[in-house]
Each structure stands twice: as C-alpha cells, then as structure tokens.
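Undergrad: Produce the entire structure from the sequences given, and follow the hints as far as they go.
Keeping their order, the protein sequence lines are chains D and A. If you read the first sequence in our numbering, its first letter stands for residue 1, the second for the next number, and so on. If you read the second sequence in our numbering, its first letter stands for residue 1001, the second for the next number, and so on.
Hints in this document: simulated from the structure, not taken from any laboratory. There's no promise every hint is true.
Some residues of chain D that are not near chain A, with every Cβ distance over 12 Å (derived) [what the hints assert, rightly or not]:
id	residue
1	S179
2	D276
3	R300
Computed footprint of chain D on chain A, listed as stretches where at least three residues anywhere in the stretch have a Cβ under 8 Å from a Cβ of chain D [stated by the list, open to error]:
id	stretch
4	1121 to 1132
5	1253 to 1266
Even glycine gets a Cβ: it sits at the ideal position worked out from N, Cα and C.
The primary structure of each chain is shown beneath.
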Amino acid sequence: MSQTSPPTDDGLVQLLTPTGERVPHPDLDARVAHLDADGLRALYRDMVLVRRFDTEATSLQRQGELALFAQGLGQEAAQIGSAHAMTPHDHVFPSYREHGVAHVRGVDLAQVLRLFRGIDHGGWDPVAHGFHLYTLVIGSHTLHATGYAMGLQRDGLVGTGDPERDAAVVVYFGDGATSQGDVNEALVFAAVNNAPVVFFCQNNQWAISEPTTKQARVPLADRGPGFGVPSVRVDGNDVLATYAVTQQALERARTGGGPTFIEAFTYRMGAHTTSDDPTRYRTSAEEEYWRRRDPIDRLRLHLEELGELSAEFVEQVADEADALGERIRTEVRAMGRPSSASMFEHVYATPHSVVEGERAWFERYEASFTDAGQSREGSHR
Amino acid sequence: MSTTTTEVRAADAGTRGTQRLTFAKAINLGLRRALESDPRVLLMGEDIGKLGGVFRVTDGLQKDFGEDRVVDTPLAESGIVGTAIGLALRGYRPVCEIQFDGFVFPAFDQITTQLSKMHYRSQGRLTLPVVIRIPYGGGIGAVEHHSESPEVLFAHTAGLRVVSPSSPVEAYRMIQQSITSPDPVIFFEPKGRYWEKGDVDLDAPADGPLLDKARVVRAGADVTVVAYGPTVQTALKAAEAAAAEGTSIEVVDLRALSPLDTATVAESVRRTGRCVVVHEAPVLYGTGGEVAARITEECFYHLQAPVLRVGGFHAPYPVAKVEHDYLPGLDRVLDAVERALAF
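TA: Spelled out as structure tokens, the structure:
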C-alpha cells in the first residue's frame, strides 16, 4: 500500500514568512545582510518579469504559436533566489522548467521559446551563459553536472582560495527525478569524488499527476545523507532563503567541501505543461493553500513592510513586464521555419558518408519538384 | 593472459618499432600513446586501475598516469557514461570501459538520448569526444551476458560512430584515432581475439580513414565475404580453405558500422558478383541485412546470387557448451559461399 499522508513542511529554512515578516536565522542572516532595498527590489523585479514571461508563453501556446510550454508559475523564488547566488563562472545544468534561472544567466527568454515552437532544441550558447541546454529526459543531466564538476576539480578550479577562480555547478531537477537511477548514481559519483556540485531539487509536489508520496516515504532532503551528501530543506517560496542556502552550498562546493542536496519545498501552481489538466488529480483547495504562499506576494509584503516598494517602482516593473511580453509575442510570431535540410546539420562533427548520402538524396528529391515547376506547399510530406 | 610485471616493464620500455603483440596489448599501447600525447585524455571504468581491467587491457596505466587519469569508477554504467559526458563538456576526452557487452544497457539511455544527440541539439556548439570501449562477442566459454554482440543497437542511432577492429595493428591505430575524433565513438573489441597475436608497427601514425573506410584484407575473384571485428579472421580462414578447393574469396573488413562504407563493398561485388556477410550478432535486422539491401540497390545487375547472411540466431546467446554451434564458424561461412556459387 502506498503512503498517502500529505508532504510535511517540517524543518524548512525560512527567512520570510508567507506574510512577509523577516525571521531571524543564526547561520544565514549574514548571507543576506548585504541585500539592501535595491537588492531586494532586483529579486522582486526578476520574479515579476519571469512570471510575465510565463503568462505570455502560455497564451502563445493557446494561440497555436507554440507546440507546448512548461510553466514555472509558483517556482519563481526557488529559481530567482538560487540563480542570484551564483557567480558568472559557475555552471548550471537545468531541467526544462528553469526559465527563471535562464533569465538570470542572461539567456534571452525569447530564445527559450524556440524549443517550444519547434525551431530548435535550445537556441542559446551554453558556454557563454554557463547554462546548459534543457534536458528533457528526467534526471539524466545530474550526471552531466557531476562530470562537469569533476572536470572543474581536474582543472584546479576548486578550493584555490581565490573567489575569482573557484567555481561550482548547480543542477536543477524535480521531485519525480529523485526516483531516477541517474540521480542516485549522480549522488554516488558526486559523493565519492567530493565534486563541487549543488543538487537543487525543486519539490513542486507534483510529477505530472503523481504526488511526492509516490516517490518517497521520507522528505526528499533525507535522500542526501545516505549518500554522504549533506542536505537542507528550504522554503522554496522564500526568495531570501533559497538565495542564502544556495550561496552557502556553492561556497562549500567551491572551497572543496563537496556536494550539497537542497530540497526547495515549493509548488507548481500551473499545469505540468500546456498539455496537462491538473483538475483531474488535485483539488482547488490545495491550489488555494499555495496561492496564499505566493513567492512574489511574500517579497512584496516584505518590501511594503520596510516601506521600500514605491508605487513608481511597481509601475516601472509592470511597464517593463508589459514590454517584455510584447517583445516575446512579436519575436515568437516572427520566428521562421528552419530549412528542411537543416535536419542533416551537426549530426556529426566530422563528415559521415551515410548522412551526406541521405542529404544529397533528399536535396535531389526536393529539387525534382522545383524543376518540374511544382510547389510542394500543402502537399503530403 | 596474465602478464608479469617484468614483461610489462619490458614491453613499455620498448614501445618502438614493430613488435608481435596480443590484441589486448596492442589496445593497451594505443591507450598509452593517447594518454601520453594529450593530457585531456582520461580512462574511466570498473576495475581498470590496479587490476588493469578484467582483460588487463588497461594494465599498468594507472600506475603511470595516476588515479585522476585512469579512474576506477563506482559500479554504475550509466554513471560512467553520464559523468564522461560532463567531463567532455568541460574539455576532457574520456575513454570509458564497459566491462562486458551485456552490461552496457544501464548506460544505453545516456549513450542514445544524451551522448549521441548533444552535438546536434546544440547546433554544433558542443562536441562530445567520448570513446566507449566494449569487449564483445563470444567464444570464450563465458556465463550469460558476457558474449553478446549488441553493436547494431548503437549503429542504428545517429550521432554515434561505431567501429570494431579486426587485428592487433588495426586495434592499435583505431583506438588512437577514436580518441582524437570529436564525435562519440563506440569501440567494440572482439574479446575472443584478445589473446591472438599480430605484428604491430608502434611507430606508424594513426592516420588515414580508419574509422570511415572498409578495407580489402584479401583479394579474390569469385565471392566477396564481408566481415568485421572477430569474424574477419574467420573469413580469412574460410578464404584459405576455399582456395585449396579452387574458389577465390575476397575478404572485406568493414571496420565501421557507422558510417557503413558501402562503396568499398560494392566495388568488390561488382567484380565478384556474389556476397556473403558474416557477423556474430543475430541476423535479424542486422548488419548483413543492411549490407544486402544497399548492395542490391547499388549493383543489382552485377549480382549473380542473392546476398547471403551468416550470423547468430534469433535466440538469446546460448550456454557455453553449445556456443560454437551458434557462432558463425568456418563451416557455416563455407556453406554460404557454396550456396552463393551454386545459385
């Protein structure tokens, strides 16, 4: 029989309550002390912008402009907080819902939608942004992240004492992924190699329709210590807390202290993807419970409490979000179809006679229609 | 098989000129050359360090290149290939050893969904110079999962190069070229041939189209026998036996299953008019079928008989006591040659 008790939120690190009150924390207060009003407003701004992106992309899918979209709604604090804790020379391995992290890493969010429009499999430069391509096979990339971290060790970029040199890796994955063999193998490899990698698990409570109780009988953070990887549970809707624990874990990794498992306890307020229908498996009461823990509201209330959220600033961010939405709409609609022959490009880095032969055949085949004065538009393919 | 420390030292000291080496030692020296010439080359696998691998192919390498470059990994094949991908993304050139053919499947997901596609998905921005060495094939009296020939499963996946050497000198050169390739290479080592010896010119550069082009190993006029990896030696023995009875067999070593060099085979078949393909892997959906289809398309009017296939059966690899009836041996190859001639 499966366990059906609700997931516990015991033992979560929290710096902001759902109503925006600052909770003191002996270990972590120092890590957020430098975040003045400007710093907090920067976090607020990024969360508002990525939420607007989310809304816009969902609408574009409904209008038929995207084949699919995976919403990040509700997970803004987990993503923006953790991403702000990184340095440019850290490297990120995302799953496929980390649009907030992409934004902070300088990836143009319109580029992210090329994947969901069917233009390419990820249009950004992973090296330039320190942000790898999205991985759709659940958990596979946790091993890539661990291997990359093992490479940083061999490159002498861990524990040098020079913050400009020391680097680490963050890998994002979900609650469902913790059941995958690859994630467990990644924890083994990271532990025995003492690799500088932060396992950032966004427990958003749902793996499509399966609740976390279908993946584990213990809090997901408890996975770590069995592998020899220390873990922490953090309120994933508290942007200050996710920032602080990620910064702590990254510092540990960069200085040679090894991997950390972070469970960010959050909620997927939207559907798994635009093809999903959450009304079939969860209650509106549950959604309402989490709506009252909205990550943006929480920081807004905190800034208001501090008297640091002026109407002008809120309006300025809203205008910026409007402009982003408009730009995304315009750019996505203008994205053209790649050439058919592009499917043969970059299959290999060096010439491969079978690919070349098939490409040549395909191009002759396509040309045969043009030569005959026919158009293949609208014909069977 | 087990070489003493003294012999290893002697061999390592004299890694020049032409030497008579086992297949396993030839690969060992090829790996050594690669480790010497590029500090980014790493070996990863289970028991490859102090033990030198269960077949001793990596014998002595950890001692000379250290634990960070010849890495004893956790016992997790997906983890080996998955972390190798991460290391390759960081600029390293990992060479992974899968201990036996039947143990590659935990890594099959990483190889087919990740390793093979990352260059493509990134539109060429990322390259994955990863080599995966897999001892494969039967004939050594092993227990189950230790004698299989799963090469076609990989050749069917775009983005991977799939090769198999057929002699010590080929192995010595092909492993080095595989390691310098920017593409992922699945390197199938015919484990039944590990102990066979051949002359290896250790000074010969690993150049030429070793991973792209088939080669004619023995010239002949009546029938083309196509083989790769362990069955090339079988084909050569068949050619020897047939010659005594007046039949001239041309033997083509494919070397690579991806890319498949149909041109070299077709050139041969246009002269002989007959073609037999031999491999240990099951015939159904196998390399023989692919070669037959392509040869039929390319030189239909030169064919005087259907292309025939000799290989494993559509049954799990059998127990050791009957494996030699499963494997395509000399008699089955000669039988196919006779059928081709009699058609």
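Undergrad: Which of the listed hints are not met by the structure?
TA: none
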